[in-house]
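Per this note's numbering: the sequence shown ends with 126, consecutive numbering throughout.
Just so you know, the hints here were simulated from the structure itself, not pulled from any lab data. Glycine included, every Cβ here is placed at the ideal spot set by N, Cα and C. Some hints here could point you the wrong way.
[Stated by the list, open to error] Pair by pair, the computed Cβ-Cβ distance ranges are:
id, residue 1, residue 2, range
1, Cys22, Asp85, 12 to 20 Å
2, Glu32, Ser68, 35 to 43 Å
3, Leu123, Glu27, 34 to 42 Å
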Amino acid sequence: MDFNLADQQCLACSSDDEPLPPEVYLDYLKQLDTEKWNVIEYHHLHGVYTFPDFKSALSFSNSVGLLAEEEWHHPDIHLSWGKVNIDVWTHKINGLHKTDFVFAAKVDRMYAELSEN
10 MDFNLADQQC
20 LACSSDDEPL
30 PPEVYLDYLK
40 QLDTEKWNVI
50 EYHHLHGVYT
60 FPDFKSALSF
70 SNSVGLLAEE
80 EWHHPDIHLS
90 WGKVNIDVWT
100 HKINGLHKTD
110 FVFAAKVDRM
120 YAELSEN
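When you get a sec, could you build the whole thing from the sequences and use the hints?
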């Protein structure tokens, strides 16, 4: 197994790459907060983060957006009162790639650091 996903970089894949099969992505999923993340239809990761108010959720959404720019990996982010939903997959292969799990692990780390403060 790879070392901590959150310590890795999101790397671009080739359009020749195949989406990860379940036997591979399930190992990566174990490194995420599975109370927050799950795989939807073998296609994408869906994460849900909760907050005490809209302002906190908005701030987190902005942080995820900055991370997306830094990593050059852009999820769908849905903001509502006290909640942020994130959908991530690799568009180039229309499915899951290791990079999606790296990104999700980085989001988990950001959320954990916010919760500590």
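Leucine 123 paired with glutamate 27, Cβ distance criterion 34 to 42 Å: With a Cβ separation near 35 Å, leucine 123 and glutamate 27 satisfy 34 to 42 Å, so the hint holds.
Status of the given 35 to 43 Å range, CB of serine 68 versus CB of glutamate 32: About 37 Å separates the Cβ atoms of glutamate 32 and serine 68, which means 35 to 43 Å holds.
Cysteine 22 versus aspartate 85 beta-carbon gap, inside 12 to 20 Å or not: At roughly 18 Å between Cβ atoms, aspartate 85 and cysteine 22 fall inside 12 to 20 Å, so the hint holds.
This entry satisfies every hint, going by the numbered hints stated previously.
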